[in-house]
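Asker: The hints should help you fit chain B onto chain A, whose structure is shown.
There are 2 protein chains.
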Amino acid sequence: MSTQVRISEVSLRDGLQSISRIMPTEAKKECILAAVRAGVCEMEVGSFVPSSLLPQMADTAEIVEFARGVEGLEVVALVPNLKGAQRAIAAGAHRMSIPFSMSETHSVRNVRKDHAAMIAEIGAIAQAVAASPEGQRPHFEVGLSTAFGCTIEGPVNEDQVVRLAEASIEAGAVEVCLSDTTGYANPAQVRRLVRAVKAAIGSDRLNTLHLHNTRGLGLANVLAGLDEGIRTFDASIGGLGGCPFAPGASGNIVTEDLVFMLEAMGVDTGIDLERLFEVRKIFAEALPGEPLYGFTPDAGLPLGFNNSREK
Amino acid sequence: MSTQVRISEVSLRDGLQSISRIMPTEAKKECILAAVRAGVCEMEVGSFVPSSLLPQMADTAEIVEFARGVEGLEVVALVPNLKGAQRAIAAGAHRMSIPFSMSETHSVRNVRKDHAAMIAEIGAIAQAVAASPEGQRPHFEVGLSTAFGCTIEGPVNEDQVVRLAEASIEAGAVEVCLSDTTGYANPAQVRRLVRAVKAAIGSDRLNTLHLHNTRGLGLANVLAGLDEGIRTFDASIGGLGGCPFAPGASGNIVTEDLVFMLEAMGVDTGIDLERLFEVRKIFAEALPGEPLYGFTPDAGLPLGFNNSREK
Numbered sequence: 001m002s003t004q005v006r007i008s009e010v011s012l013r014d015g016l017q018s019i020s021r022i023m024p025t026e027a028k029k030e031c032i033l034a035a036v037r038a039g040v041c042e043m044e045v046g047s048f049v050p051s052s053l054l055p056q057m058a059d060t061a062e063i064v065e066f067a068r069g070v071e072g073l074e075v076v077a078l079v080p081n082l083k084g085a086q087r088a089i090a091a092g093a094h095r096m097s098i099p100f101s102m103s104e105t106h107s108v109r110n111v112r113k114d115h116a117a118m119i120a121e122i123g124a125i126a127q128a129v130a131a132s133p134e135g136q137r138p139h140f141e142v143g144l145s146t147a148f149g150c151t152i153e154g155p156v157n158e159d160q161v162v163r164l165a166e167a168s169i170e171a172g173a174v175e176v177c178l179s180d181t182t183g184y185a186n187p188a189q190v191r192r193l194v195r196a197v198k199a200a201i202g203s204d205r206l207n208t209l210h211l212h213n214t215r216g217l218g219l220a221n222v223l224a225g226l227d228e229g230i231r232t233f234d235a236s237i238g239g240l241g242g243c244p245f246a247p248g249a250s251g252n253i254v255t256e257d258l259v260f261m262l263e264a265m266g267v268d269t270g271i272d273l274e275r276l277f278e279v280r281k282i283f284a285e286a287l288p289g290e291p292l293y294g295f296t297p298d299a300g301l302p303l304g305f306n307n308s309r310e311k
Numbered sequence: 312m313s314t315q316v317r318i319s320e321v322s323l324r325d326g327l328q329s330i331s332r333i334m335p336t337e338a339k340k341e342c343i344l345a346a347v348r349a350g351v352c353e354m355e356v357g358s359f360v361p362s363s364l365l366p367q368m369a370d371t372a373e374i375v376e377f378a379r380g381v382e383g384l385e386v387v388a389l390v391p392n393l394k395g396a397q398r399a400i401a402a403g404a405h406r407m408s409i410p411f412s413m414s415e416t417h418s419v420r421n422v423r424k425d426h427a428a429m430i431a432e433i434g435a436i437a438q439a440v441a442a443s444p445e446g447q448r449p450h451f452e453v454g455l456s457t458a459f460g461c462t463i464e465g466p467v468n469e470d471q472v473v474r475l476a477e478a479s480i481e482a483g484a485v486e487v488c489l490s491d492t493t494g495y496a497n498p499a500q501v502r503r504l505v506r507a508v509k510a511a512i513g514s515d516r517l518n519t520l521h522l523h524n525t526r527g528l529g530l531a532n533v534l535a536g537l538d539e540g541i542r543t544f545d546a547s548i549g550g551l552g553g554c555p556f557a558p559g560a561s562g563n564i565v566t567e568d569l570v571f572m573l574e575a576m577g578v579d580t581g582i583d584l585e586r587l588f589e590v591r592k593i594f595a596e597a598l599p600g601e602p603l604y605g606f607t608p609d610a611g612l613p614l615g616f617n618n619s620r621e622k
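Residue numbers (this note's numbering), protein chains in the order written: chain A, 1 to 311; chain B, 312 to 622.
Hint data in this document are derived by calculation from the structure and do not stem from the laboratory. Cβ atoms here follow ideal geometry from the backbone N, Cα and C, with glycine treated the same way.
Derived coverage of chain A by chain B (criterion: at least 3 residues anywhere in the stretch with Cβ under 8 Å from a Cβ of chain B; other residues may be distant):
{"id": "1", "stretch": "149 to 161"}
{"id": "2", "stretch": "170 to 184"}
{"id": "3", "stretch": "300 to 306"}
Under 8 Å between C-beta atoms, here's a sample of chain B residues computed to sit facing chain A:
{"id": "4", "residue": "460"}
{"id": "5", "residue": "462"}
{"id": "6", "residue": "466"}
{"id": "7", "residue": "497"}
{"id": "8", "residue": "499"}
{"id": "9", "residue": "525"}
{"id": "10", "residue": "527"}
{"id": "11", "residue": "533"}
{"id": "12", "residue": "534"}
{"id": "13", "residue": "571"}
{"id": "14", "residue": "572"}
{"id": "15", "residue": "576"}
{"id": "16", "residue": "577"}
{"id": "17", "residue": "614"}
Pulled out of the complex, with its shape left as it was, chain A reads as follows (with noise of 0.2 Å):
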């Protein structure tokens, strides 16, 4: 039986929210047939940050209950603070997730809340959850930013991201993902970190890793959390997105060569590749002009791939 991995799509929040054009509300959509036709199943498709802040993400309620209608998708969206839970509740958002910054400088500059200003809004947001109708309770997630360093404050202690970790649980968080906002991981501080917070929180606590490639090493801390027992990756098409507020910080890793690297080694992601490519033209499309990362695109698929898939 093969092992099998969830890809998020994230390119719709975090990529757009990382480049000044706006995405027309249509090509969204778009974007999601697409994707889903290709067989993503999971996609982050907005954030409830307000749109003076964000413009790109202005369109977030609709396209919310746009990809609510559309058949095999969980829809995620970012929320900042209560404020966006609500209205991500309200909307029928299937998970959300809050960015919870380990770096108390980052969080603080970022969402102006310190640790314990962030507990305590994980803990309203967790009550708001529970009282919400039955079938309109999304799936509370914190997103653990900056957990392997900050382009402020440097390395991040890991004792204190299995502490901030604990406490997001015990405030009512479902689960956490660790998120390497700044490309600073490696696949050693991968192993160690992941297996730390599974082992302090409980392995089915945390899943997912939010990874970028800022220096290359994308790819290699996917291996690292495979092997650590993470069942699901953050991923963006053409590689767009990365953190306004942590500079220098760049790119997501891309979708492409994250499923052909997982395919390739008899992964199942549920997703076919050139369906895949096929989405990204579209972003292309949409974007005319905006850089996509990735090789395997231009590479193609290695001659006989789809005949000796390893299963």
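Answerer: Showing chain B alone in chain A's frame:
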């Protein structure tokens, strides 16, 4: 005690042979000196192929002689056949490597020899090495190229690679290397094949991987090899290089990103990254307009990297 890994810098051979421009001999010498200043202790400085075929390599004998005079540098040359090997021996290379394509179709197309003829050639070279004067006896390695797949044949049978590794050792090679000429390799395959070849010929006779980043899997494949005991990795400054006879194959893994990953993991490469970035500049000046790859030089090192080095 940290794990120690050797980087075999192949930009002057695998990098330069794939671009049409000819790097002046003096610039090559400058690159060698700068690389050694950065801590590089092994370089594949050229190839003893007829200069009519590869004019970029016409100065190999002079470069080998120069490099032999640089303290602390293991000088490696590629040889395609017995004649090239005799030139390498005469020039005083410390190590020489012959590419032996695991895809017989590629072997015939590349050097007009089938597998049996190549084994005979390897035997003849081993005899020439044994007959050479002590002190002028290069360490003879066979590079098992297209070991992970071929653009002409497609998948390459893993048992065949093991058999040909055994045959190479029996014919007199001191060790073999596995080369992903076409950038087809995936981490699971790397683990399997390294394990199988080491088991067949002895762990000490397979120490090196030559990987390409054609589909972005280069560093993930490095990680897989490291896990299986590989301790030498070929890489190219700026990711120059590929195989002129395997269409679509491009890009050695990037030395800068590789060294960053290893050093960040606490692996000792002996290389100073800031000085390595200086070597890249020399290449850029010597080859104006030639695309250079890699992410770490542009992204810079993480804040606190030098102080937080894990040892």
